[in-house]
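Asker: Got chain H; can you put chain E on it based on the hints?
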Amino acid sequence: MDELSKSTQTAISGMKVQSQRLRVISENLANADSLAQTPEGLPYRRKVMTFKNELDRATGTNVVKVDKVRADSAEFQRRYDPKHPAADRDGYVLAPNVNPLIEMMDMREAQRSYEANMNVINASRSLLSRTIEMLR
Amino acid sequence: MYDDLGIFKMAKAQMDWIAQRQEVLASNIANANTPRYLPKDIKPLDFKEVLAGTAQPDVGATTTNAKHIVPEVTPSPFKAVTQRRTFESTPDGNAVILEEQIAKVGDANSKYNAAAALFQKYQKMIKTASGSR
Chain H
1 MDELSKSTQT AISGMKVQSQ RLRVISENLA NADSLAQTPE GLPYRRKVMT
51 FKNELDRATG TNVVKVDKVR ADSAEFQRRY DPKHPAADRD GYVLAPNVNP
101 LIEMMDMREA QRSYEANMNV INASRSLLSR TIEMLR
Chain E
137 MYDDLGIFKM AKAQMDWIAQ RQEVLASNIA NANTPRYLPK DIKPLDFKEV
187 LAGTAQPDVG ATTTNAKHIV PEVTPSPFKA VTQRRTFEST PDGNAVILEE
237 QIAKVGDANS KYNAAAALFQ KYQKMIKTAS GSR
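Listed in order, the protein sequences are those of chains H and E.
Each residue of the first sequence is one higher than the one before, counting from 1 in this note's numbering.
Each residue of the second sequence is one higher than the one before, counting from 137 in this note's numbering.
Pulled out of the complex, with its shape left as it was, chain E reads as follows:
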């Protein structure tokens, strides 16, 4: 039901994006000592795309026959990009900077809280409008 409302859709997209980003950041931090590992990040959310609801996965399987099975795991609509230009890298080719990654995690955290708060606020407004307390 909430999916039809723009605000909820946007908040959901934002929270989805942050959750995905959290995963990418976690793998960056876990690989802080893996040789030749370059940090990744997720492409920032495009406001226009989210508003239009057109943020679609890049790859999808096409079914040409009724017997084709649609994969259960749908590809994420958010693109993880490897950072080519990094601040510095260690002699073994690892370019993860822990401070940078942790800062991103903190940033994701506060954004997530904001989106969740927005979600709840609107939920309350709907409740008020529908007369229940």
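Okay, chain H solo, but in the shape it has when bound:
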């Protein structure tokens, strides 16, 4: 495999992980109000993901993979809502530890990274086509 295809492979792996990240972000955002049903129950816990760099042995390229998707251990928020079925004795309900602002920022970052990877693919492709042009 030539270097230009390898760089395309790497960029594609980067795009893949960023889209997976976007999926986790959308899960978090969608569940920002998923509360428990019973007083002892726990609401939705935010998910975070980490990436790792890995050598793909089949092609000999360095690719990015999702390392882990784990639960964010940050504390839950508390909302005062005595009428809710999950409210405790004092009338507080545990709410998910999702901060929409943080999720939005993460989303923007994923979007930018995705675009940067796309640029790399475009650049590699133009180099490849330039090489092929030389045959003419």
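Keep in mind the hints are simulated off the structure, nothing from the lab.
It is possible that part of the hints are untrue.
Said to hold, decoys possible - Straight-line alpha carbon distances no greater than 25 Å define the calculated SDA-like cross-link-like pairs of lysine to any residue that follow: (1) E:Lys-240 x H:Lys-47; (2) E:Lys-176 x H:Ala-74; (3) H:Lys-16 x E:Thr-226; (4) E:Lys-145 x H:Arg-125; (5) E:Lys-176 x H:Thr-50; (6) H:Lys-52 x E:Asp-228; (7) H:Lys-47 x H:Lys-65; (8) E:Lys-145 x H:Ser-5; (9) H:Lys-52 x E:Ser-225; (10) E:Lys-179 x E:Arg-221; (11) E:Lys-257 x H:Gln-111; (12) E:Lys-240 x H:Ser-5; (13) E:Lys-176 x H:Lys-47; (14) E:Lys-176 x H:Ser-126; (15) H:Lys-68 x H:Leu-128; (16) E:Lys-240 x H:Lys-68; (17) E:Lys-179 x H:Glu-54; (18) E:Lys-176 x H:Asp-67; (19) E:Lys-247 x H:Met-134; (20) H:Lys-16 x E:Glu-236; (21) E:Lys-179 x H:Asn-53; (22) E:Lys-176 x E:Ile-143; (23) E:Lys-263 x E:Asn-249; (24) E:Lys-148 x H:Glu-54; (25) H:Lys-68 x E:Asn-249; (26) H:Lys-52 x E:Lys-145; (27) H:Lys-16 x E:Leu-234; (28) H:Lys-65 x H:Arg-125; (29) E:Lys-240 x H:Arg-130; (30) E:Lys-179 x E:Ile-238; (31) H:Lys-52 x E:Lys-263; (32) H:Lys-52 x E:Asp-177; (33) H:Lys-47 x E:Arg-221; (34) H:Lys-16 x H:Arg-108; (35) E:Lys-215 x H:Asn-53; (36) E:Lys-176 x H:Ile-121.
Stated by the list, open to error - Restraint-style ranges between C-beta atoms, simulated for each label pair: (37) E:Lys-247 x H:Met-1: 32 to 38 Å; (38) E:Ile-143 x H:Leu-135: 15 to 21 Å; (39) H:Leu-128 x E:Glu-185: 24 to 30 Å; (40) H:Arg-125 x E:Asp-228: 27 to 33 Å.
Quick reminder that beta carbons are idealized off the backbone N, C-alpha and C, glycines included.
Answerer: Chain E only, in chain H's frame:
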């Protein structure tokens, strides 16, 4: 045949170098969110080395027995170095700056075009000299 001509050799070395660099830059950009990832870059091409044709791989396997198999994948003659001094890094230790990397990609692109144009130009000159059109 072209390999014997200095100009072609140099243009080829330059294009090889850029292709390798493109790979390194791609992995930098792909790892823009990997914790503790430091960006890499390839050592600039040394003009003297290219001219002398001595840009050799750093590592190579030595065969001491006829039965030893020479690895098919030859190590790249270009050295990827990790950038120790970076402009800034995120709290998770990642020091990739997308703008910087994209600028490098653009730079590589134009250099590649220049080398390819040079290659073609000389090819045309040879064609002219040999009388074919």
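Asker: Now tell me if each hint is right for this structure.
Answerer: Evaluation of the provided hints:
Straight-line distance between C-alpha atoms of Lys-240 (chain E) and Lys-47 (chain H) comes to about 34 Å, which puts the hinted pair past the 25 Å bound. For the given pair, Lys-176 (chain E) sits about 34 Å from Ala-74 (chain H) by alpha-carbon distance, which is inconsistent with the 25 Å threshold. Restraint check for Lys-16 (chain H) and Thr-226 (chain E): the C-alpha separation of about 22 Å stays at or below 25 Å, so the hint holds. Proximity of Lys-145 (chain E) to Arg-125 (chain H) is assessed by CA-CA distance (about 23 Å); at most 25 Å being required, the pair is judged to hold.
Taken as a hint, the Lys-176 (chain E) and Thr-50 (chain H) pair is honoured in the structure, with Cα atoms around 20 Å apart against an allowance of 25 Å. Our distance criterion of 25 Å between C-alpha atoms is met by Lys-52 (chain H) and Asp-228 (chain E), whose separation comes to about 12 Å. A threshold of 25 Å between alpha carbons decides the hint, and for Lys-47 (chain H) with Lys-65 (chain H) the separation of about 17 Å falls inside it, so the pair holds. Of the supplied pair hints, the one linking Lys-145 (chain E) and Ser-5 (chain H) holds, its CA atoms being roughly 22 Å apart against a limit of 25 Å.
Distance restraint check for Lys-52 (chain H) and Ser-225 (chain E): the Cα-Cα separation of roughly 17 Å lies within the 25 Å cut-off, and the hinted pair is therefore satisfied. Distance restraint check for Lys-179 (chain E) and Arg-221 (chain E): the Cα-Cα separation of roughly 15 Å lies within the 25 Å cut-off, and the hinted pair is therefore satisfied. At roughly 41 Å between alpha-carbon atoms, Lys-257 (chain E) and Gln-111 (chain H) are farther apart than 25 Å, so this suggested pair is violated. Our distance criterion of 25 Å between C-alpha atoms is met by Lys-240 (chain E) and Ser-5 (chain H), whose separation comes to about 18 Å.
Between the alpha carbons of Lys-176 (chain E) and Lys-47 (chain H) the distance comes to roughly 30 Å, so the proposed pair goes past 25 Å and is violated. Restraint check for Lys-176 (chain E) and Ser-126 (chain H): the C-alpha separation of about 22 Å stays at or below 25 Å, so the hint holds. Taking the CA atoms of Lys-68 (chain H) and Leu-128 (chain H), the gap is near 35 Å; set against the 25 Å cutoff, the hint is violated. Taken as a hint, the Lys-240 (chain E) and Lys-68 (chain H) pair is broken in the structure, with Cα atoms around 31 Å apart against an allowance of 25 Å.
Distance restraint check for Lys-179 (chain E) and Glu-54 (chain H): the Cα-Cα separation of roughly 23 Å lies within the 25 Å cut-off, and the hinted pair is therefore satisfied. A C-alpha spacing of about 21 Å is found between Lys-176 (chain E) and Asp-67 (chain H), which places the hinted pair at or below 25 Å, so the restraint holds. For the given pair, Lys-247 (chain E) sits about 15 Å from Met-134 (chain H) by alpha-carbon distance, which is consistent with the 25 Å threshold. For the given pair, Lys-16 (chain H) sits about 22 Å from Glu-236 (chain E) by alpha-carbon distance, which is consistent with the 25 Å threshold.
With a C-alpha separation of about 21 Å, the suggested pair Lys-179 (chain E) and Asn-53 (chain H) falls inside the 25 Å cut-off, and the hint holds. Distance check on the hinted pair: Lys-176 (chain E) and Ile-143 (chain E) sit about 29 Å apart at the alpha-carbon level, beyond 25 Å; violated. Restraint check for Lys-263 (chain E) and Asn-249 (chain E): the C-alpha separation of about 21 Å stays at or below 25 Å, so the hint holds. Restraint check: the Cα-Cα separation between Lys-148 (chain E) and Glu-54 (chain H) comes to about 30 Å, which exceeds 25 Å; the hinted pair is violated.
With a C-alpha separation of about 41 Å, the suggested pairing of Lys-68 (chain H) with Asn-249 (chain E) is violated against the 25 Å cut-off. Proximity of Lys-52 (chain H) to Lys-145 (chain E) is assessed by CA-CA distance (about 38 Å); at most 25 Å being required, the pair is judged violated. Of the pairs offered as hints, the one joining Lys-16 (chain H) and Leu-234 (chain E) holds, with about 17 Å between alpha carbons and a cut-off of 25 Å not exceeded. A threshold of 25 Å between alpha carbons decides the hint, and for Lys-65 (chain H) with Arg-125 (chain H) the separation of about 23 Å falls inside it, so the pair holds.
Distance check on the hinted pair: Lys-240 (chain E) and Arg-130 (chain H) sit about 18 Å apart at the alpha-carbon level, within 25 Å; holds. A distance of roughly 18 Å separates the Cα atoms of Lys-179 (chain E) and Ile-238 (chain E); the hinted pair therefore holds under the 25 Å criterion. A threshold of 25 Å between alpha carbons decides the hint, and for Lys-52 (chain H) with Lys-263 (chain E) the separation of about 51 Å lies outside it, so the pair is violated. For the given pair, Lys-52 (chain H) sits about 19 Å from Asp-177 (chain E) by alpha-carbon distance, which is consistent with the 25 Å threshold.
For the hint linking Lys-47 (chain H) to Arg-221 (chain E), the alpha-carbon distance of about 33 Å lies beyond 25 Å, and the restraint is violated. Straight-line distance between C-alpha atoms of Lys-16 (chain H) and Arg-108 (chain H) comes to about 16 Å, which keeps the hinted pair within the 25 Å bound. Distance restraint check for Lys-215 (chain E) and Asn-53 (chain H): the Cα-Cα separation of roughly 19 Å lies within the 25 Å cut-off, and the hinted pair is therefore satisfied. For a cut-off of 25 Å, the pair hint linking Lys-176 (chain E) to Ile-121 (chain H) stands: about 18 Å separates their Cα positions.
For Lys-247 (chain E) and Met-1 (chain H), the hinted distance range of 32 to 38 Å is not satisfied, since their beta carbons lie about 22 Å from each other. The hint said 15 to 21 Å for the Cβ distance between Ile-143 (chain E) and Leu-135 (chain H), and at roughly 18 Å that hint holds. Hint check: Leu-128 (chain H) to Glu-185 (chain E), Cβ distance near 26 Å, so the stated range 24 to 30 Å holds. For the pair Arg-125 (chain H) and Asp-228 (chain E), the supplied restraint of 27 to 33 Å holds, since their beta-carbon distance comes to about 31 Å.
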